[in-house]
Amino acid sequence: MKAKFLIPLLLFVILVGFLAVGLNRDPHEVPSPLIGKQAPAFELPQLADPQKTFSPESMKGKPWILNVWASWCVACREEHPVLVELGKLQVAPIIGLDYKDKRDDAMAMLTRQGNPYVLSAFDANGRVGIDYGVYGVPETYVIDKAGVIRFKHIGPITMELLNKKIIPLLGELK
Amino acid sequence: MILNKLFLSTLAAIALTCAGNNVWAKDAVPLADDPVTEQRLIAISEEMRCLVCQNESLSGSRSDLANDLRREIRILILEGKTDEQIRNFMVERYGDFVLYRPPVKPITWLLWVGPFVILLAGIIGLMIYLRRRNQSVPSTTLSAEDNRRIDALLQDAKSSSTENAHD
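Chains C and Z, in that order, give the protein sequences.
When the first sequence is numbered by this note's numbering, its final residue is 174 and no position is left out of the sequence of numbers.
When the second sequence is numbered by this note's numbering, its final residue is 1167 and no position is left out of the sequence of numbers.
Derived from the structure by calculation, the hints contain no laboratory data.
This list has only true hints and no planted wrong ones.
Taking lysine-lysine and the DSS-like style, the derived pairs with C-alpha atoms no more than 27 Å apart in a straight line are: (1) Z:K1105 x C:K152; (2) C:K37 x Z:K1081; (3) C:K152 x C:K165; (4) C:K152 x C:K37; (5) C:K165 x C:K60; (6) C:K164 x C:K145; (7) C:K60 x C:K100; (8) C:K37 x Z:K1105; (9) C:K100 x C:K152.
Let the hints inform the model, and build the full structure from the sequences given.
Here's what the structure looks like:
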C-alpha cells in the first residue's frame, strides 16, 4: 500500500513505452499482403522496345528483383545509383517496372543515370502497379525461383538495406 | 429600358459563369455514365483509405492513385462484381489497412475488444472503490443521552428560526 503513489508513474511509463514504439513506426510502411504469395502475372510491352513484351513467367527458376520506378519520381532518381551498384554486383537480375511514365522521359533518365535493369516493363496506365499494391514509387520486390514474393520495400532502397537485407536474402534464395 | 439592360447583363453574367464552369470541368474526374454506378462507387470508396494521403478516404482524395483506384472500382462495378468482391480485390492488394473498418480476426481482437475491456475494468475498479469507502465510514449507534441532546438542539434551532421570521 505504501507504493500507491507509484501507480501513476507506472501508468506513465507504460504510456511512454507505447508511444515510443508507435511513434517510431513509419505509417507509410504498410505490411504488404502479397508477401508469401505468387507474384501477380502480367504481360507488358518493354520500355526500350515496344514490340517485345515481358512477363514474370519468364523469370521462373531464378530469384530476381522487381523495381517499380518512374522518371517523374524524385525518390527514384535518388535511389538510382544504389540500383546501378546492385546491378554491377550481378547477384540477381533487376527488372524495372516503369510506372505511369512517358517513354521518352524514362529513356532519357536511363541514359543520364545509367541503366541497372536487364529490361523495364512499361506500365503506362498503372494497372499492373495496382495488382502489385504499388502506392508510392519506388517500390522493390524480391521474388524467388518459384515466383513467390519474399520481400517488399516501399521507398528508396539504401546501401545499408541492400547489404543487410536484400543481398543476404538473395543468397538464401539461390 | 433600364429593366432591359438589367436583364441583358444578368444573361451575360450567367453565360460567363457557365463558361467558367466549363473551364473548371476539365479538372474533374470523369464520372461513370449512370448515377447508380457512381452512387455505389462513392459508398464503397468512402469506407476505404487512400494509401497516399492516409487521412483521406478513397472517395475524397485527389491523388493520382486514388483516381486510378476509383477507375478500377468503376470497372469492377460494371463487370457486375458484388461489394464484397470489390473489397476483397482491394484487400488482396493493399491489405486490411485500406479498410476503415478492420475485420474482426485474432490479430484485431485487441482493437475491437480493448476499449470495452478497459471500460469494464474501470467500472469494476469504481465499484470496489465505492464499496471500500462505504465500509470505512464508522457506523455508530446513538445512546439515549445523544438522542436527548439532538432533540434539544433541534428544538433550539426551530425556535430561533421562528424568531428570525418574526423580525
